[in-house]
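Here the protein sequences come in this chain order: A and B.
Its first residue numbered 944, the first sequence is counted upward by one per residue in my numbering.
Its first residue numbered 944, the second sequence is counted upward by one per residue in my numbering.
Please note: incorrect hints may appear among the correct ones.
[What the hints assert, rightly or not] To be clear about the criterion: a stretch of chain A counts as covered by chain B if any three or more of its residues have a C-beta under 8 Å from a C-beta of chain B, and this derived list gives those stretches:
no., segment
1, 946-954
2, 964-977
3, 994-1007
4, 1114-1122
[Unchecked claim] Example chain A residues on the side facing chain B (calculated, C-beta under 7 Å, incomplete):
no., residue
5, L1219
6, P1220
7, L1222
8, Q1223
9, L1254
10, E1255
[To be verified] Residues of chain B clear of chain A, computed beta-carbon distances all greater than 12 Å:
no., residue
11, E1006
12, I1092
13, K1296
Since the hints were derived computationally from the structure, they do not count as laboratory data.
Idealized CB from N, CA, C, for every residue including glycine.
Number of protein chains: 2
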Amino acid sequence: QDASKWGLNMAFLDKSKDFPVGQVCVNFMEGDFRDYRDVLEFGKDMDIVTIEIENVNTRALYELEKQGISVYPQASIVETIKNKGLQKDFYTRHDIPTCPYIKTNNKADVYALIETGKISYPFIQKKCEEGYDGRGVVAIMSQDEDHQIFEEPSIVENFVNIDMELSVIVGRNADGQCVTYPVSEMVFNKQGHLLDMLVCPARIGEKKALQARQLAEKVAERLDIVGLLAVEMFLTPDDRILVNEVAPRPHNSGHHTIEAFWVSQYEQLIRAITGLPLLQTDHFQPAVMINLLGERGFHGTPHYEGLDMILEVEGVFPHIYGKAVTKPLRKMGHVTVVRDKLSDAIDMAQKLKNHIKVKS
Amino acid sequence: QDASKWGLNMAFLDKSKDFPVGQVCVNFMEGDFRDYRDVLEFGKDMDIVTIEIENVNTRALYELEKQGISVYPQASIVETIKNKGLQKDFYTRHDIPTCPYIKTNNKADVYALIETGKISYPFIQKKCEEGYDGRGVVAIMSQDEDHQIFEEPSIVENFVNIDMELSVIVGRNADGQCVTYPVSEMVFNKQGHLLDMLVCPARIGEKKALQARQLAEKVAERLDIVGLLAVEMFLTPDDRILVNEVAPRPHNSGHHTIEAFWVSQYEQLIRAITGLPLLQTDHFQPAVMINLLGERGFHGTPHYEGLDMILEVEGVFPHIYGKAVTKPLRKMGHVTVVRDKLSDAIDMAQKLKNHIKVKS
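Only chain A is shown next, with the shape it has when bound in the complex:
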């Protein structure tokens, strides 16, 4: 949609025309972005190819690069990032602070680590591949939960004390111009990995904010990425900032940029991959973003309860993704609240969160 403002000729690949992108984009190819031939067939006549999720067939991206097509982010970066083990090794290699981790090939490896005391309860296990939105991640609190340990190649990490989870969106173009958005604060729900609320700017001091943005920029530069990079970080009680993980694409923690900034993450991505100058992000309004998740216990055609109230208020921006079916905790949309004062945005978002429910 952002590209269409400029009359750019865009095409999209996804599994079904009924998926959200199929409803707003004219040049659409049905296919599986995990499939080598589909990605190659789709990309071979393009000038530039980019991604909105990292689980794309990397082999096909390499092949497209070989054919002289500009693939941004570059195939090797997608390959590194989509495997959590490779991603972690990259941080280690480049002196980027991250939580200590150990790589495991199977369940037996994990048990061995426990027995030898190299890892202790509670700990986190993350599958190297196919982790996304809290999937492929498990917290093992005690021996009673050992049955939940994954068999797949993984990384395991001891619990780290965290004061706050932060995110910085970075844009970077082929000239090496690099622009960061102000730090966002990700407030997670008690149960675990679901984002409760995204708050921008993060309620941290200026110095820490600058430090987080510089660290995010460093990751982008060391990756040599062209495109967008969302850098998720932990702020620890002893004031260290650790990189948790990155995503080389438009990110949930940047949705608020659509309304709160003069330049959205999507426009910044288009600028980055087409070689246009990136825009600074100095002008913005405080914003809070909440996800609209499918309510537990409901499965089927979505009904958005409480949407009416959300549509009455100035500076409240609902986005409904148009998915045909709601499932428990499925991301069905999001709402951004923009206010002159951050505390007002937080209050309003909390009110809306209690009010809107995606049922069926």
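On the provided structure of chain A, position chain B as indicated by the hints.
Only chain B this time, still in chain A's reference frame:
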């Protein structure tokens, strides 16, 4: 595009898939909106039908209404507005201040008015039908220009002294809720009817601004319109505000609402016709909009000279409509400049205006 944020199921009718809307909308029907059967065929399965230009076949709109489809703006309003004679008569009937006018059926009528002294040079003649963007309008400065007088049914008006041309966009839903945007000032070029620059808010006092918004609201209410109404007005040296003409649809003088307001004219239209609450327009940033017109002397595939500079500056928003061919003075796009201070926006817009050229 605004409707797609909410997952609304939209469909569009225009002459060619190559037209701008065909490039961004999936449900597209090729057809002529001036044709009775095309409009009927297109509209018969819709819940709600709206327009983006008033030259739609009105008879078909009436028929759709008869079939129980919600046509907004209503067929009778489109019929009144698209004929300048009927539109003027409407103002007279409802005590809405407007420039004095006389209706004529043909050239001979105009000559008779001149001879009897009921009209005198210089005067303006506007064709009743098919006037749009300065087309169908002629200024007859002296007897030497009599050969330019139109044969078609028209209205003629003596020149009125004008200090400023103003525009107010009104949204109104079926419940009668009515919302106006702050007044915009339309700065025209010396030669005549081409908009040089749109400035919002208009550089007039608060009292006059309120008066203009109230007058615009009155027109919308008397029309009983559901949808959007752009009300173009003259501010005279003796401080009267006269309605010049109205358009029952998203309007060039509201393009800046996309970036400068929390709610764009397009979203407001969707709200109005779907029966949602309209949003207030209190939060906005000063903005200036310039049209990108095809340069004189160029005809063919457009090349946007100077676009690079426009893409470098934060708060400068180019919109390229994606038209396949540029012609002299054809609207090929627009640029909105948003700034904290209006004077800064004006300065920047003037700079851009001298810099960007649509050539071929």
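Tested hints:
1. 946-954: It holds: at least three residues are needed, and the segment 946-954 of chain A offers 4 whose Cβ sits within less than 8 Å of chain B.
2. 964-977: holds (count 6)
3. 994-1007: violated (count 0)
4. 1114-1122: violated (count 0)
5. L1219: 5 Å, holds
6. P1220: Constraint on P1220 of chain A satisfied, holds at 5 Å.
7. L1222: Holds - the Cβ of L1222 of chain A comes within 7 Å of chain B, reaching about 5 Å at its closest.
8. Q1223: 5 Å, holds
9. L1254: 5 Å, holds
10. E1255: Nearest chain B Cβ about 5 Å off; hint holds.
11. E1006: Non-interface label on E1006 of chain B holds, nearest chain A Cβ at 29 Å vs cutoff 12 Å.
12. I1092: 40 Å, holds
13. K1296: 19 Å, holds
Of the numbered hints stated above, those contradicted by the structure are hints 3, 4, listed in ascending order.
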